[in-house]
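Asker: Respectively, the protein sequence lines represent chains A and B.
No gaps in the numbering here: position 44 of the first sequence is 44 in the working numbering, and each next residue is one more.
No gaps in the numbering here: position 243 of the second sequence is 243 in the working numbering, and each next residue is one more.
Any given hint could be a false lead.
Derived contacts from chain A toward chain B, CB cut-off under 10 Å, selection only [what the hints assert, rightly or not]:
1. 31
2. 35
3. 44
4. 46
5. 66
6. 73
7. 99
8. 100
9. 130
10. 132
11. 133
12. 142
13. 175
Just so you know, these hints were derived from the structure itself, not from any lab.
Ideal Cβ placement from N, Cα and C applies to all residues, glycine included.
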Amino acid sequence: MRLIKITILVLLIFLTRAWADPASQQAVSKFVSADYHYKQGQFGDAIKEYEGILSMGLESGPLYYNLGSAYYKNGDLGKALLNYKRAEGFIPRDSDLKFNKNLVIDQLALGNITSPNLLERLFAKHEEFYTKDEMAFILTVLGGVILLMYLFLTFIKPVKSRWIFMIILLFVFFIYLIGFILKVDNETNRAMVINTTAANYEPLEKSTAYYQLKEGEEVKLLREDNGWFKIKRYDGKLGWVPKQNIELF
Amino acid sequence: MIGLVLTLACPLWAQDVSVVADVSQNQVDLGGTLQLTVTVNGGKDIATFDLPKMDGLDARFLGPSTRISIMNGQYSSSKAYIYNLLPLKVGKFQIPSITVSVDGKEYQTQAIDIEVVNSGTASPDQSTASGQEASLKDKIFMVLKPSKTEVYVNEPVPVKILLYVSNLSVRDVHYPEFDKSNMSVEEYKQPKQYNQVVNGVRYDVVEFETTIYPAKSGELKLGPASLECSLLYRTQNANSPFGQMESFFDDSFFSGFNYSKRPLTIQSLEASVNVLDLPEANRPSDFSGAIGDFKFEVSADPKEIKVGDPITVKMRVSGEGNLKTAELPAYKNLNHLKTYDPQVKEDGATKTLEQVLIPQIESVKEIPSVQFSYFDPATKDYKTIKQGPFPITVNALPKEEQPRVVRTIPNEERTVGALETLGRDIVYIKPEIGVLHKRGDAFYLRTWYWVFVFLFFGLWISALFYFEHNNRLLRDAYYARRMLAHKEAKRGLSLARKALEVNNLQGVYDDLFKTLQRYLADKYKVSQGEITKNSLKAHLGQSYLDPQTISRLESFLEEAEQARYASLSLTKDQARKSIETVEVLIGVMERSSK
């Protein structure tokens, strides 16, 4: 009984540690102040406060959600969508977030962009449902269970049909593994167009425009050259875009 | 049947007949040659023909060549008659018009002027860089052609940029570039490629087409356009290992290996377009910038509805011209017709608008008319197209379907249905900051996570080996014997020591012999009875034991047999030494079996 009490106490200290340190306290007070500005309709000030928390090196789902909403109210739909999508990395199943994100996508008239990669299309729903942390946790637990099950069913209580169990577990494990790998790959160098712009053939002001990039469209960042980003669009087309029109996730 | 097929097929193969003559170059050195090609496009029955007499040129027929091509889905065939022309003297000459009879009809080619220069006088000029450039400019050049020279601001102007190439191999052709100030420019269309004869020389033409929209009035300078490409030219390989053989390979098929690339930038001349402002006179109040020639269509469906049901109005403007800034006349503030925000889509020179209208009372009889105005540059005047009004029938709701009045506001009735379809906005912000994370941090990137994973995996591997070992001891008798052999041997040795203590020397040898026999049987998978001094080599020959150990084993077994059966006089010391020997031997065998 005493042991349980001590464990709970340690856990509580561990969980509330985030609130105890001064940086977190400062973040919370900035968050409250941003809330106040938002309620007063001073969205520019609210944005400043929210971004102040980000510049302290801290982030959270509700923080990005509120920042996205402040940008929306300020009329900057591209940045609103960017921050809603960032929030998805923490609270992917939040219904308010889904609603707001879809509203912004509608208003930006982005349409339904699907990846040409079959594997990515198959796993899109799966990827959207979990955060990376959740996926990594599920993979760790599943991996552990598979290894222990193998020992148990082979040596301790041998069952003839153990291979069926193992194959099912391994199948689930690989589904999560592929999902996780795709998610990590997807989120590396992920960026968004925050101002509608043309993608040029070359990183030069006078270069010919290759195609148009809409505000809110997602692109992959390939490299940087003297104020220009080389990017790849969902359909694989490459192009050069002025740096100020693109923001990394 | 075949005849029918042929007659049916004939019109498909029919094509316009043309006869063209061209030369590989207009200027030639005395002593050089040039090629004359008479090409008959289309036609089936081509009569043989002779070249007319040419002053100063000697012609030799090289042969015909037939080409069949299917371009853009169209079939075409052509037959080329190729001649080699050898200039006989310096001067200006003309290849006269050539008459060719095709399908019974006579066709004539145009005359071509040729200049023959002295190779001695031409060469110094040709060898200089400018000379090369000059000759290159005849072989590759670019022309910038706007389709109109007088246009209005924002009027679309198709611009063609034509790259002409003759007798050169050009690769890596980029899209042409030009200064785009004071205009907006569309993306290039898919380039077209075709042949064209200019001044008697056949050129491969690459046609780039785009559309520009002048942004302000005045003279608009277009170009010069520049284009980057690579020129393939043949390199002379002096150190070729083939030497004389090279002439054998000096053929376009083999000499592909000897080509090099050289980057080349080609510039066109400038062109200018006079840009006019749109006239102020007669400008309709609803004009929103559409320039061109358009159709305006409007439809409203359904025509008969109940109060509160939606009617969709579709407007479509299509035609040729610029619609980028044009606005379609969406409905606003109508009496007893609730209007919703329209959805506008643009696809090239077509703009569509969809708008939902909801009649709020039965007395609404029509949707008012709408009009669309544009400027037509062909007639230099504004035009307005009016559509409507559109008659509709609005029926009252049956009693049971009538919306329940929730509350009454003076001058305005609000219903549940109307409340639900009001504007759209985002969901309100969150009151709590939630769990704060360090940016870019994840638990699976931390060291403790990987320490835990490796520790777990290590433990699992150990457990696997432990279970596997236990399982094998139960299943595999030989494995179990081998594993337990050392333990058994130790037990045998302690029995022997006990026998020594009570001075039972024969018993000592008995125990030692049995211990050794059992150990060897367990270790080397043989039955105990088979282990004798004579059979030892046969059983242990394959093992890792060194011959010295085997011979020591043999001598001990012999000594033990003698001690057990021949009544030798045994001393306690000897017996103790024997125990030590057996202990050492077992130790050696234990180590070598690992």
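Asker: For each hint, tell me whether it holds in the structure or not.
Answerer: Tested hints:
Look at residue 31(A): its Cβ gets to within about 4 Å of chain B, closer than 10 Å, so that hint holds up. The beta carbon of residue 35(A) is positioned within 10 Å of a beta carbon in chain B (closest approach about 7 Å), and the interface hint is therefore held. At a threshold of 10 Å, the smallest CB-CB gap from residue 44(A) to chain B is about 15 Å, leaving the interface hint violated. Taking 10 Å as the C-beta contact cut-off toward chain B, the hint placing residue 46(A) at the interface holds, the least distance being around 9 Å.
The beta carbon of residue 66(A) comes within 4 Å of a beta carbon in chain B, closer than 10 Å, and the hint placing it at the interface holds. Annotation: residue 73(A) was flagged as interfacial toward chain B, and the flag holds, the nearest CB pair being 8 Å apart, inside 10 Å. At a threshold of 10 Å, the smallest CB-CB gap from residue 99(A) to chain B is about 5 Å, leaving the interface hint in force. Because the beta carbon of residue 100(A) sits about 4 Å from the nearest beta carbon in chain B, less than 10 Å, this interface hint is met.
For residue 130(A), the shortest C-beta to C-beta distance to chain B is roughly 13 Å, which exceeds 10 Å, and the interface hint is violated. Satisfaction of the interface hint for residue 132(A) is found here, the shortest Cβ-Cβ separation to chain B being roughly 6 Å, below the 10 Å cut-off. Interface restraint check for residue 133(A): the shortest CB-CB distance to chain B comes to about 6 Å, inside 10 Å, so the restraint holds. Violation of the interface hint for residue 142(A) is found here, the shortest Cβ-Cβ separation to chain B being roughly 13 Å, above the 10 Å cut-off.
Restraint check, residue 175(A) versus chain B: the minimum CB separation of about 18 Å is more than 10 Å; hint violated.
Violated hints, in rising order: 3, 9, 12 and 13; the structure is consistent with all others.
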